[in-house]
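Asks: All chains, please: the whole structure from these sequences, using the hints.
This is what each chain is made of:
Number of protein chains: 2
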Amino acid sequence: MSGTLYGIGVGPGDPELMTLKAHRLISTARVVAYPAPDSGESFARSIAADAIPADAVEIPMVVPMRVERFPAQDVYAGAAETIAGHLNAGDDVTVLCEGDPFFYGSFMYLFARLSERFPCEVVPGVSSLAACSAALARPLTARNDVLTVIPGPLDDDALRVRIEQAQAVAIMKVGRHLPRLRTLLDTMNLTAQAGYVERASLGEQRVMPLADAPDAAPYFSMILIYKGDDPWLTP
Amino acid sequence: MSGTLYGIGVGPGDPELMTLKAHRLISTARVVAYPAPDSGESFARSIAADAIPADAVEIPMVVPMRVERFPAQDVYAGAAETIAGHLNAGDDVTVLCEGDPFFYGSFMYLFARLSERFPCEVVPGVSSLAACSAALARPLTARNDVLTVIPGPLDDDALRVRIEQAQAVAIMKVGRHLPRLRTLLDTMNLTAQAGYVERASLGEQRVMPLADAPDAAPYFSMILIYKGDDPWLTP
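Residue numbers (numbering that gives the first Met the number 0), protein chains in the order written: chain Y, 0 to 234; chain B, 0 to 234.
Rather than coming from a laboratory, the hints here were simulated on the basis of the structure.
Owing to the predicted nature of the structure, the values given are computational and were not obtained by experimental measurement.
Take these hints with a grain of salt, some might be off.
[What the hints assert, rightly or not] Simulated restraints on C-beta separations:
#1 B:E15 <-> Y:D73: 31 to 41 Å
#2 Y:T186 <-> B:D185: 30 to 40 Å
#3 B:D54 <-> Y:V74: 32 to 42 Å
#4 B:D155 <-> Y:E80: 20 to 30 Å
[Said to hold, decoys possible] Residues from chain B that face chain Y, not an exhaustive set, calculated with beta carbons under 10 Å:
#5 M17
#6 A35
#7 F110
#8 C119
#9 P152
#10 A165
Even for Gly, the Cβ is constructed at its ideal location relative to N, Cα and C.
Replies: Structure (structure tokens):
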């Protein structure tokens with residue numbers, strides 16, 4: 000009997016935003032894998048750290064930080080073979096995923112390689128989207144609004160047409176694109192309706208109107224825009 | 000000192016998909032409010048039931064089921080005043096919200112009435128979106144995809160233009176709109192890329208290709224479409 004591959008969303012950063020199921024599975028894990036930078040701590044591991052058993056086998060998947068948009072697939076190909084070894088030996092493998100595994104998550108690179116060969120279960124997690132709207136203390140989307148989630152690296156024309164057709168907009172992966180995004184939203188007269196959040200749910204969380212946001216935003220930052228009639232403000 | 004209003008996401012249905020924080024706050028709550036139908040059980044309460052203290056004061060907010068699209072605001076106005084009484088008396092009030100409170104949630108109707116008068120904290124939860132993609136066992140959205148979330152009651156023209164401009168699409172609140180939505184997606188040649196999920200994460204969850212979905216879908220059902228290059232299938 001082979002083991003099961005678990006892709007576990009550990010939520011946006013606050014360890015208390017892990018689900019009961021994530022906590023149970025991590026607490027009883029024998030093999031734990033997670034993405035890690037080439038220097039410094041793994042964010043996913045840091046969220047789950049207190050739950051990981053001291054004697055668990057740990058598999059850091061070292062993803063070098065680089066300018067290219069997406070990680071080299073060789074990292075995931077290698078990790079998938081290491082993980083397959085444990086699964087074949089009958090051990091379950093628990094993969095820690097920031098936020099939700101299937102919401103812009105790198106877990107898909109393992110899932111693509113392993114889900115046809117082994118039993119696989121995805122445990123959904125709280126996304127950064129939910130954490131950011133909670134941090135801003137305003138609804139993300141309401142009633143019959145359209146919500147569009149757009150990666151910040153897209154070009155202005157691609158952003159503009161999609162922003163125009165939604166009532167609620169989340170721009171992810173803001174990082175170094177912030178000055179350009181702010182200029183775009185200014186030209187669309189949307190700055191007043193835009194909020195900025197970085198490191199949502201963590202101790203160092205910062206929340207402010209987009210107009211006040213720093214030019215140097217971290218990768219884990221988001222802009223939320225609400226263009227509707229603010230129904231919650233006029234009950 | 001007035002009490003704090005907590006809007007707590009209890010997740011998509013499986014009680015184990017509550018967060019540790021939701022579980023802690025509900026387990027120690029003295030006053031618990033939740034939306035409830037005029038007959039039958041409250042879904043939000045049923046998710047959290049095992050955590051609610053036996054001696055907690057419970058405030059069901061009875062929202063009559065009707066054909067109109069949105070609940071009468073008088074229900075929330077009345078509930079807000081009841082809740083304000085407890086907050087003024089110094090007690091915290093814990094409001095149970097299906098999924099995430101700020102993702103199409105009725106919590107906003109209380110938040111709009113109370114957040115300027117009382118301290119308020121929103122605890123994000125796992126959304127039905129994350130639960131449905133986990134149930135379908137395929138990524139919701141990847142890399143630099145655009146994800147658009149569209150309520151099923153929108154008309155075909157509104158749906159079509161937004162579906163065209165996204166790589167990943169979630170159609171919420173499918174219910175009785177399913178036959179029309181299926182026809183629309185057929186004309187757009189998207190049926191083969193569309194999955195259908197109802198009651199995600201619950202024991203009675205059903206998952207299937209859209210082509211096999213029943214004409215009579217429950218309100219808590221969703222269609223997920225992926226139009227991109229399926230990067231996870233060709234690693």
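Asks: Confirm or reject each hint.
Replies: Taking the hints in turn, this is what the structure says about them:
A hinted range of 31 to 41 Å for the beta carbons of E15 of chain B and D73 of chain Y is consistent with their spacing of about 36 Å. The supplied range of 30 to 40 Å is met by T186 of chain Y and D185 of chain B, whose beta-carbon atoms lie about 39 Å from each other. A hinted range of 32 to 42 Å for the beta carbons of D54 of chain B and V74 of chain Y is inconsistent with their spacing of about 53 Å. For the hinted restraint 20 to 30 Å between D155 of chain B and E80 of chain Y, the CB-CB distance of approximately 47 Å leaves it violated.
A least Cβ separation of about 6 Å between M17 of chain B and chain Y falls short of the 10 Å threshold, and the interface hint therefore holds. For A35 of chain B, the shortest C-beta to C-beta distance to chain Y is roughly 20 Å, which exceeds 10 Å, and the interface hint is violated. Hint on F110 of chain B holds. Least Cβ distance to chain Y is approximately 6 Å, under the 10 Å limit. With a least beta-carbon distance of about 7 Å to chain Y, the hint placing C119 of chain B at the interface is held under the 10 Å criterion.
Taking 10 Å as the C-beta contact cut-off toward chain Y, the hint placing P152 of chain B at the interface holds, the least distance being around 6 Å. Hint status for A165 of chain B: holds, given a least beta-carbon distance of 7 Å to chain Y, under 10 Å.
Hints 3, 4, 6 from the list above are not met by this structure, while the remaining hints are.
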